[in-house]
Every structure is written in structure tokens, then in C-alpha cells.
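*Asks:* As a plain string of letters, each chain reads:
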Amino acid sequence: MAKTGTFADSLFKGILTVFAGTIILVVIAMIVMMFWNSLPTIKEFGLGFLIGSDWQPASDVYGALPFIYGTIVSSVIALILAVPVSLGIAIFLVEQAPRSIASPIAFMVELLAAIPSVVYGLWGIFVLAPFIRNYLGPFLQDYLGWLPLFQGRLTGIGMLTGGVIMAIMVTPIITAVVRDVLEVVPTSQRDAALALGATKWETTLIVLENASSGIAGAVVLGLGRALGETMAVTMVIGNAPQISASLFEPAYTIASVLAANFAEATDRLYLSALIEMGLVLFLVTFVVNAAAKVLVMGVAKGTNAARQA
Amino acid sequence: MGNKITVKNLNFFYGKDQALFDISLKIPEREVMAFVGPSGCGKSTFLRVLNRMNDTIPYARIEGEVKIDGKDIYKAKTDVVALRRMVGMVFQKSNPFPKSIFDNVAYGIRINRMHSSKKDLADRVEKALKDAALWDEVKDRLPTSAFGLSGGQQQRLCIARALAVQPEVILMDEPASALDPIATQKIEELVVELKKDYTIVIVTHNMQQAARISDRTAFFMLGKLIEVNPTEKMFTNPDDKLTEDYITGRFG
Numbered sequence: 001m002a003k004t005g006t007f008a009d010s011l012f013k014g015i016l017t018v019f020a021g022t023i024i025l026v027v028i029a030m031i032v033m034m035f036w037n038s039l040p041t042i043k044e045f046g047l048g049f050l051i052g053s054d055w056q057p058a059s060d061v062y063g064a065l066p067f068i069y070g071t072i073v074s075s076v077i078a079l080i081l082a083v084p085v086s087l088g089i090a091i092f093l094v095e096q097a098p099r100s101i102a103s104p105i106a107f108m109v110e111l112l113a114a115i116p117s118v119v120y121g122l123w124g125i126f127v128l129a130p131f132i133r134n135y136l137g138p139f140l141q142d143y144l145g146w147l148p149l150f151q152g153r154l155t156g157i158g159m160l161t162g163g164v165i166m167a168i169m170v171t172p173i174i175t176a177v178v179r180d181v182l183e184v185v186p187t188s189q190r191d192a193a194l195a196l197g198a199t200k201w202e203t204t205l206i207v208l209e210n211a212s213s214g215i216a217g218a219v220v221l222g223l224g225r226a227l228g229e230t231m232a233v234t235m236v237i238g239n240a241p242q243i244s245a246s247l248f249e250p251a252y253t254i255a256s257v258l259a260a261n262f263a264e265a266t267d268r269l270y271l272s273a274l275i276e277m278g279l280v281l282f283l284v285t286f287v288v289n290a291a292a293k294v295l296v297m298g299v300a301k302g303t304n305a306a307r308q309a
Numbered sequence: 001m002g003n004k005i006t007v008k009n010l011n012f013f014y015g016k017d018q019a020l021f022d023i024s025l026k027i028p029e030r031e032v033m034a035f036v037g038p039s040g041c042g043k044s045t046f047l048r049v050l051n052r053m054n055d056t057i058p059y060a061r062i063e064g065e066v067k068i069d070g071k072d073i074y075k076a077k078t079d080v081v082a083l084r085r086m087v088g089m090v091f092q093k094s095n096p097f098p099k100s101i102f103d104n105v106a107y108g109i110r111i112n113r114m115h116s117s118k119k120d121l122a123d124r125v126e127k128a129l130k131d132a133a134l135w136d137e138v139k140d141r142l143p144t145s146a147f148g149l150s151g152g153q154q155q156r157l158c159i160a161r162a163l164a165v166q167p168e169v170i171l172m173d174e175p176a177s178a179l180d181p182i183a184t185q186k187i188e189e190l191v192v193e194l195k196k197d198y199t200i201v202i203v204t205h206n207m208q209q210a211a212r213i214s215d216r217t218a219f220f221m222l223g224k225l226i227e228v229n230p231t232e233k234m235f236t237n238p239d240d241k242l243t244e245d246y247i248t249g250r251f252g
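As you go down the protein sequences, you meet chains A and B in turn.
Under the working numbering, residue 309 is the last one in the first sequence; the count climbs by one each step, no gaps.
Under the working numbering, residue 252 is the last one in the second sequence; the count climbs by one each step, no gaps.
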């Protein structure tokens, strides 16, 4: 009796170990597969692949720089717009709003995260793009037109639109993580500030300082999401492999070039070029997400230390 | 000496639950008054009434009169920020900010814009640390994190932080309950020292502590103030049977 019990237990443990091990295998398998399949372009272009700005599949010239540029710039736009808004929402929810208001707003924010990417894309094409073409674009050109950023033709489709869509998509994620991080800041920190004559605003600054590494983690997590965002961005960014100073010009991201061209990449070198970009994106988002995890975990530890002290 | 704090017919409610019942109490200037009583008797709530820390609790409601220096602190016009600067507070668990030792003490001075120059700021920080009997232990490591200090040192840092804004009253909510006996002794010595310049109200669970450091003791039970008397009298010949039972350990 006891023997079969022990056997069942070790069998159970064995099965679970296999399941858990699968995850590691999948990650390794993906890296190996992508590396293997991108060997042709790695051999052909070496580092030049990453810094070359010519992308002409017809003549077998592959430079990924426009896509890397587009990915970085659109993500940075997204963060510049999303981070202040997310911080504001999270601070409002944790520090200001009574529970009766905070709960429904938190629910709405989480709902935003659940909307499929392609729906954001449609909204981007039919609402956001015309808005930027007819209102925001002309406004920016009137007041800030002397900046190269806001020069050029206004089509409504381009880098800025892609960045704004991404901003809306990463806001819920950043907000949710920042809210969690603010909530674990001990009340004793707020009490300490208040008791010294701090105003609500000064007390909030103390809370933010307590949560700073977690907030950084939330931002990096948002960055990870923005870097890999595909569908909605593909629909509004214009998909032109160029590096332009103007945010109104069409651009291209790594994720969107993969999504848009995979079906027609029949040529061995073309396919290899796409997969190598996929590998780059994979590694970058992997590192970014790992960094975010470390930062957010750091905050939990930090406040524990403050609590024990 | 005059009365620093005068409380008259104070009732306090958390929503529908009444936590304090008809409390009247006078606390003279430059005295240490100890609040004792079983857990949940309202002594900490009462302490937080005195610097309006209960304002942050939703549904908290107060009736009656609380005067400090003759001014009703619950009047609509009261500047709560100024009040809390005048009535400092030290909490049960030390709660330094995630800043350096120097910046912790400097925090209150900075937000209240009390310093005239960098030098003045440094002088004020030094004085507060000296007054909290911590200066000699930390003077060589002011720029390092406050979390590197021991528990007792952190609590004295919090006292220094409270002293730095030059309060007139210091409220202490079981300031030594999380500390070892040696650190506790240091805090107690400090309280006796601070009495020369400040009015101190200290909540404690430790009867011996109340007996050692306070001039007068107030005994609370179930939200009611049972007895206030000079500490010596309270511990040798209390007026009330309940006080006697509590002090002699018949319940607690």
C-alpha cells in the first residue's frame, strides 16, 4: 500500500517536472531554431545587417536599421505619452480616490488591456488617423512646425499614429503594475510624512520614492510590450522602411515587417533576414522583460526591509 | 505651569462605532504624560486625535473640543500642516524614509522651508541628531542609507526627524515596543531628557516604563478615561478599582 503510494507520488512529481521542463525547452528551442534559420544572413552581412539602412529584397540587400529605428522610436513615443498618464491614474487610484470611484476606474483600465490588438488597429485607422491628419497634426505644425519632428506631409498614417496607438495599449499595463507597487508601500511611510507636516503632494512624493524601482519596472514592462506590439501598429504606421526625422512620415517596426512580409518571403535569404530580425526582437524583449521583473521584485524586497526595520 | 493641551468632552467615532467616550483631560506643558491601558482601549486613537492623524481615515468623526495653546485644532480654519509641525509624532515601528540619514532628518526642515542656507540646514540636522542622542553614532555616515542603522538607532533617527521641525509637543505611540532592553533604555533616557523642552505624550504597554519616565499617567479602558493622576500615586494608591486591577495585572 505504502509502496504504491510512494510510486504514485514520484510519478506525479515526474510528470510535473516534465511539464515545467517543457517551458525551458521551448525557450531554448526557439532561440536555436531562429539562430539556425538566420545563419544565411548572419554569414552574408554580419553586423552590417543591423546597421545597414537599405532594404531591397528584390536585389537581395537587407539592412534592418529602418525597422530597428522604427521600433525604438515608436516605443519611445508610446512611453513618453503613456508613462505620465499611467502614473497619474495609478496615483489617483491609490492615493486619492475613494474606493467607490477607484474600483470602477481600475476595472475600466483592466478592460482596456483586454481589447484585441486588431480592434485598436481599426480604431486607429478610422478615428485616430483622421484626428491626427485634421486636428493634432495641423496644430503641432502651427506651433512646433519649426522642429524637424513635425515637418512633412500629413497623411495621418505614420510614426506618431503608431506611437499613440501603442501608448494607449501599454497604459493599462503600466497603470496596473504601478498601482500594485504603490499599494505595497507601507502606510507608516505616509504617516511619517504627514506627521512632519507634509502636504498630500509631498506625501505622494515619498510614496513614489518608496516605489521608484517598481515604477521603473512597470515602465520597462510597458517598453517590452510596446517593442513587440504588432497588429495595431502594422495597421497605422504606414509600413515604409525609411528613417525620417518627421514623426508624420510612415515608418516600419520589426514586428510589423515580420507580420506583413512573412507570407511572401519565399527566397532563402529574405526568409533568413526576417527570422534574424525576429531573433533580435526576441532577445531584446527577453532582456527587457527580465529587467522589469528584477526591478519589480526589488520593490517588494525593499519594502519588506523597510517593514522589518 | 500652564496646560499645553486641553481636551473637553471628546467623543470619537469610526463610522458607527464609538471609539472614545466623553474624554476630558488636561496635559501641562513640559510634562511627560503616559497613556496606559489594555489593547484596543483607544489610547492610540486618542493620541492621533491630538495631531489630527485620524483625518486620513474615512468615516472618522469627532465631537467635543481639543485645544492646544488655547486654540481649537478642529476648527474649520485650522492649518493642519502647521498643526502637525507643532505636534510631532513618533510611531510604534520606526519608519525612516528610503533616504540617507541626513536627508531623513532634513526632510521636515526642507518641506517646511525652515532653513536659510545649506549651512543652516546642516546645523539644524546636527542639532536634531544630537538632541536625539544619535549624533556620535552616525556623524561619520550621514550620507548612507537610514536602513543600515539598527532598530533602536532607526527609532532615534525618527525622533531626530520629528525634533528637526521644532515641535512643541511630541506624541509617541509605543516607541520602544519593538526594541530590545538596551535600545529601550536609551529611548527612555531620551524621553526624560527631552522633557526639559517639550511636552511629551507617550502611549505604552509597559507599566514599568510608564512608572520610570512619566510625570502623570492616564488609564484608559474600553474607550473611556478611567483615571488620571501623578504617576507615583497611580502606581501606589490608585483612586479607581479598575486601575488597581489593571496595574496589579489582574487583567490586561
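Do not take every clue at face value.
[What the hints assert, rightly or not] Quick look at which bits of chain B chain A covers, simulated, 3 or more residues with Cβ under 8 Å:
| id | segment |
| --- | --- |
| 1 | 50 to 59 |
| 2 | 65 to 75 |
| 3 | 79 to 91 |
Hints were generated in silico from the structure; no laboratory data involved.
Glycine is no exception: its CB is placed at the ideal position from the N, C-alpha and C atoms.
*Asks:* Determine which of the earlier numbered hints do not hold for this structure and return their numbers in increasing order.
*Replies:* Hint 2 alone not satisfied by this model.
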